[in-house]
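Peer 1: So the chains spell out like this:
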Amino acid sequence: MDVKLRIKRFDPERDDKPHWQEYTVPAEPTDRVLDALLQIKGYQDGTLALRRSCAHGVCGSCAMRINHLNRLACKTLVKDVKQPIVIEPLKGLPVIKDLVVDMEPFFEKFRIVKPFLVNDETPPPTEWRQSIEERARFDDTTKCILCASCTTSCPSFWTNSEYLGPASLVQAHRFIFDTRDRAAAERLDILNAREGVWRCRTIFNCVEACPREINITKAIGQIKKALVYNRF
Amino acid sequence: MYHNYDAVVIGGGGAGLMSAIQLSPKGSTAVLSKLHPMRSHTGAAQGGIGAALGNLEEDLWEWHMFDTVKGGDYLVDQDAAEIMAQDAIEAVYDLEHWGLPFDRTADGKIAQRPFGGHTRDYGKGIVRRACYAADRTGHMILQTLYQRAIRNRVDFFDEFQVVDICIEGGACHGVVAYEIATGELHTFRAKAVIVATGGFGRMFRVTSNAYSFTGDGQAMVYRKGLPLEDMEFFQFHPTGIRKMGILITEAVRGEGGILVNGQGERFMERYSPNLLDLAPRDVVSRAIHKEVLAGRGIDGKEYVHLDASHLGRDVVATKLPDIQDFCRTYLGIDPAVDPIPVEPTAHYAMGGIPTDVDGQVLADETNRPVPGFYAAGECACVSVHGANRLGSNSLLELMVFGRRAGRHMAEHIVQTDFLELKTGPEERMREELDRLLAGTGSENAAGLRKELREVMMNKVGVLREQKTLDEAVEAVRELKDRYRNVGLQDKGRTFNMELLVALELGYLLDLAEVTALSAAARHESRGAHTREDYPDRDDENWLKHTLAFRTDGGVTLKYKPVNVSFFEPKPRTY
Ligand SMILES: Cc1cc2nc3c(=O)[nH]c(=O)nc-3n(C[C@H](O)[C@H](O)[C@H](O)COP(=O)(O)OP(=O)(O)OC[C@H]3O[C@@H](n4cnc5c(N)ncnc54)[C@H](O)[C@@H]3O)c2cc1C
Ligand code: SF4
Ligand code: FES
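Protein chains in written order, with this note's numbering: chain A, 1 to 232; chain B, 1001 to 1574.
Just to be clear, a hint being listed does not mean it is correct.
As the list claims (entries may be wrong) - A few chain B residues facing chain A, derived, Cβ under 8 angstroms:
id	residue
1	M1140
2	L1488
3	E1498
No lab work stands behind these hints, which were simulated from the structure alone.
Since we're looking at a predicted model, the values are computed, not measured.
Beta carbons: idealized from backbone N, C-alpha and C, even for Gly.
Build the full structure now, drawing on both the sequences and the hints.
Peer 2: Spelled out as C-alpha cells, the structure:
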C-alpha cells in the first residue's frame, strides 16, 4: 500500500519558520511509522532529520508527535494511524532540525532530582537484601526510557517550562521508594519546591503518552502522599 | 575546537560507562557518544547477566568458566575466561550496590534464571546463573551505570561521533569527533583512549541490532593498520521475530518455553538430548535452519514457533513483560496464548579489536600492546566468547573488562604525559567529510546498504560454503567500488544524519569484507562458523585466532595461538 505523510520541516540554515511537506511512500500495513520515515529519508529526501536507534521501543530516541499525540515512531504501526499521518517534533523543547529537538533542557531537569542511588554505608560483601514486595513498590518507574513523551505532552509544562515535569518525577519516585536509598527526604524537598510536584494538575496526558505504560499519575500521587504524611 | 582530557571514552554503552566510572575519580574523563548514552544498545539487552552467585542452587565460577570455554568451542582464551568467571561475582554485587533493581528471590537475594549452555558440574545439567531484572536487564544496567557516572561527574559529550583516532609513533594520542548538532569537528587530546562502540549486526538483513550498530570503532582501528580478530564468528540468535529480527530473549526458554516445528515436534530433542531448547545458540540456530531446509518449518516456510503459552499468564506478565509487549505491538499476538513465529537473527560479533585482559589493544600476532589505547565490550575481542558466545556473558564482559580496562587506564594516565599531536588532526577528516558531502554520484547509500545486507545474510549466514563465501567477497568489493560514487542530498551542517549514515556504510563495507574473507579462509566448522564443505572442527590446523590486517593489496590474514591452559579441547556435545 501507499502511505501519505505530512511532516513539519524546519532547517535553521535555510528556513525562518517551519513549513509542511507531504510525501507518499510504499509500506506494509504492519510497518512502523519509523520505517516509513526512513523510507523517505533513504530514497526520497535525504535532508529529513530524525533520531532513531533500536527500532523496537526501548531506547527512547524516536519520540515525536504523530497525529497530534506523542508516540514512538518505532512503536506505532502504519495501519493503526489515520492518513495522512501528521508528524511533528515534540512540543515544548527547542527544535534543532525537523523532528530533532534539543533534549538538554529535559535532561537538566532529570539531573535535578538526584537520579542515582544515594547510600554511603559500607555495603555487605554480597547483595543488600530486599524483599520481593519491597522491590515491587518501585518496579513501574524503573521502566522509564527517558523519551520525554510525557513531559512534552503536559499542559503544565507547556505553560511553565520551569516545571520539573512528569519524567523527572518518575525518576525521583524510582529512588524514593527503593529501600536501599538514603536520600528520599532530600529529593522530596526538591519536589516540594515551587516548580515541583504540585504543578501537576492530574491531567493524565502523560499516562496516555507513555510508551512504557508507566502509571505516572499514580507515581506522582504516591510522591504527594509521601510529602503530606512524611512517609515513604 | 581543542579539548584536553586525561582519558577519552568512545561510547556511552555498558563497557564505556563502566570504564568511565573507574576513571573519573583518577583523572579528567570525557565520554564521547554518537547517541545519548541512555540510547545505547546495552539498554536493549533483555535476559540477564551471568555470575555464579549460587543464590538458588550450588554454583561455582569454575563451572561458569568451563561452560564459557566449551560454549565457545574451545577458541576461547582460557586465561580471560578464568578472569571473567571469577570477577563476575564481584561485578554483579557492585551493580547491586550502585542500585541496580534486580528481581529478588523469596529470601531477598538477586534472582537467577537458566540460560543456554550454562550448566552445573561441567555439563551435568542446567543451572540458574543469569541474574536478571525482568526482561530488561540491559536497560537496568545502562541506567544504573549512567546514574553512577552522573554521580561521579563524568563529562559527557552527547551526540559527538568519533570519526578518527589519532595514532602516531605506535601510541594513541586522542580522537577527532564530529558534533552532530553543528557539524563542527573537535580534537580531543588524551593520554589514554578506550574504544567501546558496540557491534556491527547492521550488515545483515535480519538482525536484533540497532541502526547505530555499524562497527565504527572496529573499522577506524582497522583503517589504522591494526588487526581485527576472529571476524568470521558472528552469532545468529535462534529466536528473532520472523522477518523483523527483534530479539525474543533466551529467557523465554529459560522460563520453560519450547521450540516447535511445523509438525508440532519439539525438534531440539533430536539435536541436543541433554540441554534441549537451552543448548548454546549456534546449536539451536543450526537446528532451526536444518528443520526449515527439511521442509519442517511452519507451513513449510522459513520459521518455527517458540511456544510459551503453557507458562501461564502470571509468569509471562511478570518475568517477560517486554516480550509480551513486543509480541502485542508488532505481531498482534499474546505469547501467553499464541506461539511466537521466530527465525535466527544476526545478533552478536564474537570477533573484534584484539585486546589483552586489561583491555590494551594488541597490534599484531605477537600480542604487542599499543600504549594508551584500549578497547572493551562488543567491539573488542579478549577473547572470552571464542567461536560462540553464551547468553548473559556479554553484559558480563562489559562489566568485567570495562572495569579492568578503566583501572589500567587510570594507572596509565598518572604515569604518562600528554603526547604532542601533529597540528590539525581534523584536517584530514574535514577533507574526507567534505568529499562525501560534495558527492553528487548516482549511487544511493540506502540502496547499497540494502544490497549489502542481502549479500551477508544469504552468503555469510548460519550455514556457509566456499562458493558462496567467495561470491560474498566479490559482491562486497563491488559494493565498495560503487560506494565511492555515493551522492548526498543533504549538504547542511545541522544534524546531517545522511552524511553520518554514509560514513557508517563505509565502515560496514570494510567489516563485511573482513568477515567474509576470514570465513572463506577458515576451512573447518567451529561454533557459529558452520561450513557445509568442512563439517568438522579441525583442532590440528585451526585451533587458532584469525587476525585480519588492511594492506595495500586488500586484506592480509595472519593467525595466532589460543590460550588453552586449563581445559583440553574435547568433542562438543550437549
Ligand atoms: C536485543 C539484544 C539483547 C541482548 N541481550 C543480552 C543479554 O540478555 N545478556 C547479555 O549478556 N547480552 C545481551 N546482548 C548483548 C549485549 O547487550 C551487547 O553486546 C552489549 O550491550 C554491547 O555493549 P557495548 O557497551 O559494547 O556497546 P553499546 O551499549 O551498544 O554502546 C556502544 C556505544 O558506542 C557509541 N558509539 C558507537 N559508535 C560511535 C562513534 N563513532 N563515536 C562515538 N560513539 C560511538 C554509541 O553511541 C553507544 O553509546 C543483547 C544484545 C541485543 C542486541
Ligand atoms: S515516563 Fe514514560 S513517557 Fe515519560 S520519559 Fe519515561 S518512558 Fe517516556
Ligand atoms: S528507535 Fe528506539 S525507541 Fe524508537
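Peer 1: Which of the listed hints are not met by the structure?
Peer 2: Structure breaks no hint.
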